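K.L.:
Sequence:
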Amino acid sequence: MQQTRLRFPPSPTGYLHIGGARTALYNWLFVKKTGGKLILRIEDTDADRSTEESIAGIVEGLEWLGIDWDEGPYFQTDFSGDHRRAAEKLLEERKAYHCFCSKEELEKKREAALAAKQNFGYDGTCRHLTDGEVEEKQQAGHPSVIRFKVPEREGRIGYDDEVLGRIESSYEEIDDFVIVRSNGSPLYLLCNVVDDIRDRISHVIRGQDHMTNTVKQLLLYEALEASIPVFAHIPLTLDTKKAKISKRSHGEIVAVQFYKEHGFLPWAFNNFLVLLGWSPGDDREIFSREELIEAFSLDRINKSASIFNYRKGDPKFFTDPKAIAINEHYLRTIPVEELAPLVKDVLIDYNLWQDDYDHDRHQWFLDTIDLIRSRFHVLTDFATLGKAYFSDQYEIEAKPLNKNLLKHPGLKQWLPELADEYENLTDFSLEQTERLARACAERAEVKPGVIINGMRTVVTGQLAGPSMFDILVTIGQDKVVSRLRNTPQLFPEGS
RNA sequence: GUCCCCAUCGUCUAGUCAGGUCCAGGACACCGGCCUUUCACGCCGGCAACACCGGUUCAAAUCCGGUUGGGGACGCCA
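Under our numbering, the first residue of the first sequence carries the number 31, and numbering increases by one thereafter.
By construction, these hints were calculated from the structure, which means they are not laboratory data. Check the hints yourself; a few may be wrong.
Unchecked claim - Calculated pairs, SDA-like style, for lysine to any residue (alpha carbon to alpha carbon, straight line, at most 25 Å):
1) K346 - P296
2) K290 - Y360
3) K272 - T43
4) K246 - E315
5) K346 - E427
6) K509 - N454
7) K63 - I331
8) K246 - D153
9) K274 - F458
10) K290 - V503
11) K63 - K333
12) K417 - G495
13) K63 - R186
14) K246 - R186
15) K167 - N149
16) K246 - K352
17) K509 - F458
18) K246 - C156
19) K125 - R230
20) K417 - K333
21) K133 - N149
22) K63 - E427
23) K125 - E135
24) K346 - A256
25) K246 - K290
26) K179 - S132
27) K67 - Y360
28) K63 - G195
29) K437 - K352
30) K63 - I323
31) K342 - I331
Claimed, not checked - Here are the simulated distance ranges between beta carbons:
32) E82 - P173: 23 to 33 Å
33) A146 - V260: 37 to 47 Å
34) Q423 - V260: 55 to 65 Å
35) Q423 - G102: 38 to 48 Å
36) S309 - R473: 58 to 68 Å
37) D344 - D190: 34 to 44 Å
38) L268 - V476: 52 to 62 Å
39) R319 - D344: 24 to 34 Å
Every value quoted in this text rests on a predicted model; they were computed, and no experiment measured them. Think of the CB as a built atom: it goes at the ideal place given N, C-alpha and C, for glycine as much as any other residue.
Construct all of the structure, not just a fragment, from the sequences and the given hints.
P.N.:
Right, here's the structure in full:
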């Protein structure tokens, strides 16, 4: 088999959303699997809607995911000469024709047909214009588009889809479609095919919303005397109401950027995306990059649409619970050395980073991450829930404050006393800190939990966390002593 | 209105092509238990699905037909 060549051709009319990212991922995986090349082609022929900002966002999203490409980015508009020549050729060979129907006329016809519950497709008004008539209209200055002339044939045309199987359509059901606008700029159906031919694309992996385009494009390949690539139409991703997900109706939650900003690990997110419509056939769900490339294949892509299980306003899950679960899995299982740079980026963003975490305190940094990560869901939790480990400016949350501190006024006295004892420790260890804490509880005649959870509140501001004595040793003698001494100030004035 | 595609737990899915090993397996979520100074992690257990109707067959989640439901396309968008 010749080298496989695939492309990811986003239109730069918005950010990269999860459906597009998944398409890119499937293309990328197939390329890696087959040792081929991936081409990034920006399909910017819609001048009105394409933006620089969108291009930058898409590239940034792909880079974050780690989906790299071998050629490009190419810009479709840079090849408009190719597209025009192809249209010209089709015109000359009488495989296409000028159509003078105005947009308004067509729109009117379409609406009328819709209202009358009639079929609405192009009626072929200009299909049989003679050369003379065309000449005449052009002389008169009437604008025209170029339409592809669907061959008048009996029977059906079709192809074998790698995911869906045999897909066919009758010739008579295909309308003559526009390939060049009246302003001379070529349209998607044509550009896409011309570019795929030029880029020697061997496999087209795209969403099922392109299925009906494919039949039209088959005709274009034939007319342009090119061989057709292998097609694989992957299922769409819908929302919980089974509507197509879109930036328009779902906003940030479907943008790849959102997951970057909310502390997802890039590979974890890929791992989530790949499972939306593909499975390896065994019980595995977590894959390393290499494992996934090895396991991936087109014939295990599902036919039916999957649902992105996001419920707006869900108090517990801010996005699909499975996405979070996979992220958590990686967060607590990857080697801490791999996690550290990602945590570093977050701490930098939140202004919590200190350079010695990379030098003198590097081991401390790794140990701390390892200590606290099992309770976290996303990377940003290190900077929010974990703030007390990296800064003295942490919040004391209301719940632990009330439940574990204010409820036991004696703590106002006990904890500063304990602070004194901790200050005098020459061996600030797990054993010694625990021994003194338990002794303190005994003197106060309360359960050890009262002292321990009181300390937890004062030292971390949190209701829950790792073993208290691990925390003490990690945060360090000086800070613990000063935080514990601060206890009285957490009580309301005069209490 | 026309054409096309799809249909297994709440969600992601295995099983469908080569019918029996499936009164349907895994994961997430949910519920219970163990562990424990808290909360997690971890471990153990539980709940939960073959859309419907007919046909073929000794045997159907699996094959065939229909129904229903869902999705997509029908643009001088991509």
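K.L.:
For each hint, tell me whether it holds in the structure or not.
P.N.:
Status of each hint after checking the structure:
1. As the CA atoms of K346 and P296 are separated by approximately 22 Å, the hinted pair is consistent with the 25 Å bound.
2. At roughly 15 Å between alpha-carbon atoms, K290 and Y360 fall within 25 Å of each other, so this suggested pair holds.
3. Taken as a hint, the K272 and T43 pair is honoured in the structure, with Cα atoms around 23 Å apart against an allowance of 25 Å.
4. In summary, the hint linking K246 to E315 is not supported, as the alpha carbons are separated by about 37 Å, beyond the 25 Å threshold.
5. Between K346 and E427, the direct Cα distance comes to roughly 18 Å. Compliance with the 25 Å bound is thereby established for this hinted pair.
6. Of the pairs offered as hints, the one joining K509 and N454 holds, with about 14 Å between alpha carbons and a cut-off of 25 Å not exceeded.
7. The hinted pair formed by K63 and I331 meets the criterion: a straight-line CA distance of about 15 Å does not exceed 25 Å.
8. Proposed proximity of K246 and D153 is supported: the alpha carbons are some 17 Å apart, at most 25 Å.
9. Of the supplied pair hints, the one linking K274 and F458 is violated, its CA atoms being roughly 58 Å apart against a limit of 25 Å.
10. Note on K290 and V503: the hinted pairing is violated, with a Cα-Cα distance of about 32 Å set against a maximum of 25 Å.
11. In summary, the hint linking K63 to K333 is supported, as the alpha carbons are separated by about 21 Å, within the 25 Å threshold.
12. Taking the CA atoms of K417 and G495, the gap is about 12 Å. The hint holds against a cut of 25 Å.
13. With a C-alpha separation of about 34 Å, the suggested pair K63 and R186 falls outside the 25 Å cut-off, and the hint is violated.
14. For the hint linking K246 to R186, the alpha-carbon distance of about 12 Å falls within 25 Å, and the restraint holds.
15. For the suggested pair K167 and N149, the alpha carbons sit about 28 Å apart, so the restraint of at most 25 Å is broken.
16. For the hint linking K246 to K352, the alpha-carbon distance of about 38 Å lies beyond 25 Å, and the restraint is violated.
17. Simply put, K509 and F458 have alpha-carbon atoms about 12 Å apart, close enough for the 25 Å limit, and the pair holds.
18. Taking the CA atoms of K246 and C156, the gap is about 19 Å. The hint holds against a cut of 25 Å.
19. Annotation: proposed proximity of K125 to R230 holds, straight-line Cα distance about 23 Å (limit 25 Å).
20. Pair hint K417 plus K333 does not hold up; C-alpha atoms about 45 Å apart against a cutoff of 25 Å.
21. Among the hinted pairs, K133 with N149 is consistent with the structure: their alpha-carbon atoms are about 18 Å apart, no more than 25 Å.
22. Straight-line distance between C-alpha atoms of K63 and E427 comes to about 49 Å, which puts the hinted pair past the 25 Å bound.
23. Taking the CA atoms of K125 and E135, the gap is near 24 Å; set against the 25 Å cutoff, the hint holds.
24. The straight-line distance between the Cα atoms of K346 and A256 is roughly 53 Å, outside the 25 Å bound, and the hint therefore fails.
25. Distance hint between K246 and K290 is unfulfilled; the C-alpha atoms sit about 38 Å from each other, more than 25 Å.
26. Between K179 and S132, the direct Cα distance comes to roughly 18 Å. Compliance with the 25 Å bound is thereby established for this hinted pair.
27. The suggested pairing of K67 with Y360 is violated, with an alpha-carbon distance near 29 Å, which exceeds 25 Å.
28. Using a Cα cut-off of 25 Å, the hinted pair K63 and G195 holds, with the two alpha carbons roughly 22 Å apart.
29. A threshold of 25 Å between alpha carbons decides the hint, and for K437 with K352 the separation of about 38 Å lies outside it, so the pair is violated.
30. About 5 Å separates the Cα atoms of K63 and I323, which keeps this hinted pair within 25 Å; it holds.
31. Our distance criterion of 25 Å between C-alpha atoms is broken by K342 and I331, whose separation comes to about 28 Å.
32. Separated by about 29 Å at the C-beta atoms, E82 and P173 satisfy the suggested range of 23 to 33 Å.
33. The hint said 37 to 47 Å for the Cβ distance between A146 and V260, and at roughly 41 Å that hint holds.
34. At about 57 Å, the beta-carbon gap between Q423 and V260 stays in the expected band of 55 to 65 Å.
35. Checked against the hint of 38 to 48 Å, the pair Q423 and G102 passes, with Cβ atoms roughly 46 Å apart.
36. In this structure the supplied range 58 to 68 Å holds for S309 paired with R473, their Cβ-Cβ distance being about 60 Å.
37. With their beta carbons about 42 Å apart, D344 and D190 fall inside the hinted range of 34 to 44 Å.
38. Between L268 and V476 the Cβ separation comes to about 55 Å, which falls inside the hinted range of 52 to 62 Å.
39. Between R319 and D344, the C-beta spacing of about 31 Å keeps the proposed range 24 to 34 Å intact.
Against the hints set out earlier in the document, violations occur for numbers 4, 9, 10, 13, 15, 16, 20, 22, 24, 25, 27, 29 and 31.
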